[in-house]
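Chain order of the listed sequences is W and H. 282 is the number that the numbering used here gives to position 279 of the first sequence; each next residue is one higher, with no gaps. 245 is the number that the numbering used here gives to position 242 of the second sequence; each next residue is one higher, with no gaps.
Treat the hints with care, as some may be off.
Pairs involving identical chains hold if they fit within one copy or between any two copies, as the list cannot separate such chains.
Dumping the calculated DSS-like pairs for lysine-lysine here, alpha-carbon to alpha-carbon at most 25 Å [stated by the list, open to error]:
{"hint": "1", "residue 1": "Lys273", "residue 2": "Lys471"}
{"hint": "2", "residue 1": "Lys90", "residue 2": "Lys370"}
{"hint": "3", "residue 1": "Lys370", "residue 2": "Lys54"}
{"hint": "4", "residue 1": "Lys54", "residue 2": "Lys426"}
{"hint": "5", "residue 1": "Lys54", "residue 2": "Lys90"}
{"hint": "6", "residue 1": "Lys471", "residue 2": "Lys54"}
{"hint": "7", "residue 1": "Lys54", "residue 2": "Lys69"}
Everything labelled a hint here was simulated from the structure, so no lab data went into it.
As a plain string of letters, each chain reads:
There are 2 protein chains.
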Amino acid sequence: MTYQVFDTTLRDGAQREGISYSVVDKLAVARLLDELGVGFIEGGWPGAMPKDTEFFERARSELDLKHAVLVAFGSTRKAGVAVREDKQIQALLDAQTPVLCLVAKSDIRHVTRALRTTAEENLAMVRDSVEYLVSQGRRVFVDCEHFFDGYRFDSAYTASVVRTALDAGAERVVMCDTNGGMLPSQITAAVTGLMSELGVDGDRLGIHCQNDTSCAVANTVAAVEAGVTHFQCTANGYGERPGNADLFAVLGNLQLKLGLPVLPEGCLEKMVRVSHAIAEIANIAPDTHQAYVGAAAFAHKAGLHASAIKVDPLLYNHVEPSVVGNDMRILVTEMAGRASIELKSRELGLDLAGHPEALARVTEQVKDLEAHGWSFEAADASFELLVRSQLAGGVTRPFTLESYRATVEHREDGSVISEATVKVRVRGERVIATAEGNGPVNALDEALRVALRRHYPALADFELADYKVRILEGTHGTQAVTRVLVETAAAGRDWTTVGVHENVVEASWHALVDALTYGLVPVPA
Amino acid sequence: MTYQVFDTTLRDGAQREGISYSVVDKLAVARLLDELGVGFIEGGWPGAMPKDTEFFERARSELDLKHAVLVAFGSTRKAGVAVREDKQIQALLDAQTPVLCLVAKSDIRHVTRALRTTAEENLAMVRDSVEYLVSQGRRVFVDCEHFFDGYRFDSAYTASVVRTALDAGAERVVMCDTNGGMLPSQITAAVTGLMSELGVDGDRLGIHCQNDTSCAVANTVAAVEAGVTHFQCTANGYGERPGNADLFAVLGNLQLKLGLPVLPEGCLEKMVRVSHAIAEIANIAPDTHQAYVGAAAFAHKAGLHASAIKVDPLLYNHVEPSVVGNDMRILVTEMAGRASIELKSRELGLDLAGHPEALARVTEQVKDLEAHGWSFEAADASFELLVRSQLAGGVTRPFTLESYRATVEHREDGSVISEATVKVRVRGERVIATAEGNGPVNALDEALRVALRRHYPALADFELADYKVRILEGTHGTQAVTRVLVETAAAGRDWTTVGVHENVVEASWHALVDALTYGLVPVPA
Chain W
4 MTYQVFDTTL RDGAQREGIS YSVVDKLAVA RLLDELGVGF IEGGWPGAMP
54 KDTEFFERAR SELDLKHAVL VAFGSTRKAG VAVREDKQIQ ALLDAQTPVL
104 CLVAKSDIRH VTRALRTTAE ENLAMVRDSV EYLVSQGRRV FVDCEHFFDG
154 YRFDSAYTAS VVRTALDAGA ERVVMCDTNG GMLPSQITAA VTGLMSELGV
204 DGDRLGIHCQ NDTSCAVANT VAAVEAGVTH FQCTANGYGE RPGNADLFAV
254 LGNLQLKLGL PVLPEGCLEK MVRVSHAIAE IANIAPDTHQ AYVGAAAFAH
304 KAGLHASAIK VDPLLYNHVE PSVVGNDMRI LVTEMAGRAS IELKSRELGL
354 DLAGHPEALA RVTEQVKDLE AHGWSFEAAD ASFELLVRSQ LAGGVTRPFT
404 LESYRATVEH REDGSVISEA TVKVRVRGER VIATAEGNGP VNALDEALRV
454 ALRRHYPALA DFELADYKVR ILEGTHGTQA VTRVLVETAA AGRDWTTVGV
504 HENVVEASWH ALVDALTYGL VPVPA
Chain H
4 MTYQVFDTTL RDGAQREGIS YSVVDKLAVA RLLDELGVGF IEGGWPGAMP
54 KDTEFFERAR SELDLKHAVL VAFGSTRKAG VAVREDKQIQ ALLDAQTPVL
104 CLVAKSDIRH VTRALRTTAE ENLAMVRDSV EYLVSQGRRV FVDCEHFFDG
154 YRFDSAYTAS VVRTALDAGA ERVVMCDTNG GMLPSQITAA VTGLMSELGV
204 DGDRLGIHCQ NDTSCAVANT VAAVEAGVTH FQCTANGYGE RPGNADLFAV
254 LGNLQLKLGL PVLPEGCLEK MVRVSHAIAE IANIAPDTHQ AYVGAAAFAH
304 KAGLHASAIK VDPLLYNHVE PSVVGNDMRI LVTEMAGRAS IELKSRELGL
354 DLAGHPEALA RVTEQVKDLE AHGWSFEAAD ASFELLVRSQ LAGGVTRPFT
404 LESYRATVEH REDGSVISEA TVKVRVRGER VIATAEGNGP VNALDEALRV
454 ALRRHYPALA DFELADYKVR ILEGTHGTQA VTRVLVETAA AGRDWTTVGV
504 HENVVEASWH ALVDALTYGL VPVPA
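Generate the whole structure from the sequences, applying the supplied hints.
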């Protein structure tokens, strides 16, 4: 049996309140999902959203996917418009993806009251759109919006939409619980009902669940147990209202509980890292209590069971945590353990397994830093610097700071001016430099470049590609701190660094210094 | 059919990392749960936890419960100790609750490897403890720990524990998915298997699920569908690791989806209030995306569907939000059109429908601001100021800015200092004020408060609750800009404002000014 893991983090998941991806964010999320081994990445709605149009354009040259194919999302043609004249349909073709996913109305009440067209025209819209796009060489999936509500209200009409899409050449028809109101038993009843009514098997069907009853994961699993082999999820369950089915919980359940081979070999253990990295990109704090991938997913309050857990941890864990890239935690402390640090270092090409003392020091340092609000989940470059500083050779810092001052002035004429001065030592020389910038951090960045450029001409190519700030609430009586992530790009590669401090400018300074250091220090062969 | 709603927020739910209730907290949570209409409130483990002993003591005089009875939790007697000699058992009686809930081992592996006793002694522990406590006039429930893992590994032994407890006089035996690894289909299979094997019906059984597969709610519902009439949950799903079955989602599903009368008449609509109040007491931010009760549970990104939602909101909501005490919300997004702006304004209590020109101006302004990177989706207060400024009366700004200057210095000794000076006009007076802060924005905030406090003493209560920063990529040749969201809290309410500028400090300034303006300007009746 071949399963289709269809991720819609970048399309339906982006409907979550507060999420607003840049095109660069979208490309980064797509790379992470591909690494995890999903089969399909729905990237957005070209035509409807200018950002999505640009994403598909850039994806053609900038994404080199190993496992996944890209999917563009759109709608069936407009009522009363010829499919070839429909601009939105044309934009789908222009996205040049091998697969298209079309949303179609399948609840008769939505056809007549929301779309305000007839039952027949809606079927024609489905038929025309699918046939046309298939004739243009595309694989076409059809998302039946409000499938379950429709099927319960008027199963004959909803089934006719499915039949029409399949007959027109759709590879898959996806049953969507758009309003998210279903329970697993209701999903099972509708899916088996439809399959026997139409005589189709689960290889032509898909499932897409929203989480309004807190059952999206269970509903997705129920549909797969009923024979459906295509499922649509989002990373961390991001999505509108209570969200979508969480990709990671669904993958864990299907692969570890039901023994279904949904991901390529060796990919499941990337779940924690991919989950947290996507959270960072979305600028949403990772959910500590998320199933499988949360920092507390295998955290046990010590006490009652502590010694029993030592006897046999598996008596107290529903799965072996390392299988999904997680760690068991006994005390209420930091999340990093030796195993995950070793694993991550190996991913970066650094061998810590052969250096137990260095591994111990790095683990200690990471624990200490994480207790103060640092997070290396999305800051590989800072993590790599930290590891390399503990290995033979260490890291040579390109300069040392004496002091800096950054100023922002809003003047009487309404203009806003930022200026910074840095005093540093570079290769024995004391250098003072001042520069202006868009903001205090940019001004500091500019001043530092002025100070260093004679010694490090390569700096001219470094570009500050992204900058993210999060305030972390104080815990255990400590003060709130600010965490800054800086993404730097140069010569076709990019890297992310992290800084933490109660002062946003100082936190940014840490991340900037790491960014320049990482880019300037030669990588060992 | 009578259902037993058993809440264990105060016992099992308190295992959640970071939760630490005082006795007063526990009394307050118990009152809220009683108001909601649950039947049983498990208050803690007297004897084992001094705070819990005190809770039961004070509860006798301070709690006047309308719907619920209190339950004390404990364990079966120790191996090799006579039940009357067991201090922990005695502490249970001392709690003077009408109901006791005893945890018992029911997985043979845990009996031999964790408890390190024999299969027979474990059964005797169950029998002795239940018989003794029943003889003392108590109703006794037995929680079978690791029931599902045990039943799958050695169903005969696990069933014998259940049989023993029932024969000894336990009113209910509760099947616990302690490690939380089950899926709904597995719950159904085990529950129906046990019922037919022992010939007991669901009125003697209970269910208790942990959320490690993200299926705790679905698992609880599956057990009830299989006939079980007693279910144990926690408010907001608080609990160890990924938590327990969320009481509110379970109640919503059973009552609204399956039509089961689980709560007294008129209680379901208290869910949102009780959920948020318990979150406040637990000092955990309410989960915006929680099913049924989250602030975003019925929040729709308007754009596409706005006009359809106006036609019939129920086409887009799985239940009527007011039934659970929630509200529908329309988010103002990049795709905002007139319809969604009108809907959103109505939600804020502002009538734009009767003012077509104001509506047109607001729509124009929102589109223009959004094209420059503003987003009102998470910034209701800024949106409300914008709308009100276009309506009769407008918005009176509490001050006008002349200029400000903010500085961050990293000194040679490593210390980091932030300072800001603001020059403003307040009610005709020119005021200059300077303050220090953790960072430039905090310093500006402090300086502004110093400048305004004489005229606006209410400012003293305003608290900067959260601060988020996002860099937005430039598109179509425009420069990158920074978007800042500021959440302010005062007097039990909070509001979010937004600012956008290429300079992070200036963007923060905009959001701060809106925050203070919103908090200070009287809301029209």
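A quick look at each hint next to the structure:
1. Lys273 to Lys471: Within one copy only: 24 Å inside, 28 Å across.
2. Lys90 to Lys370: Between. Shortest inter-copy distance 23 Å satisfies the 25 Å Cα cut-off; intra-copy 54 Å does not.
3. Lys370 to Lys54: For Lys370 and Lys54, the Cα distance is within 25 Å only across copies (16 Å; inside one copy 39 Å).
4. Lys54 to Lys426: Neither way: Lys54 and Lys426 sit 41 Å apart in one copy and 40 Å across, limit 25 Å.
5. Lys54 to Lys90: within (17 Å within a copy, 67 Å between copies)
6. Lys471 to Lys54: both (19 Å within a copy, 22 Å between copies)
7. Lys54 to Lys69: This pair counts as within: shortest intra-copy Cα distance 24 Å, inter-copy 56 Å.
The structure is inconsistent with hint 4 alone, although it conforms to all the rest.
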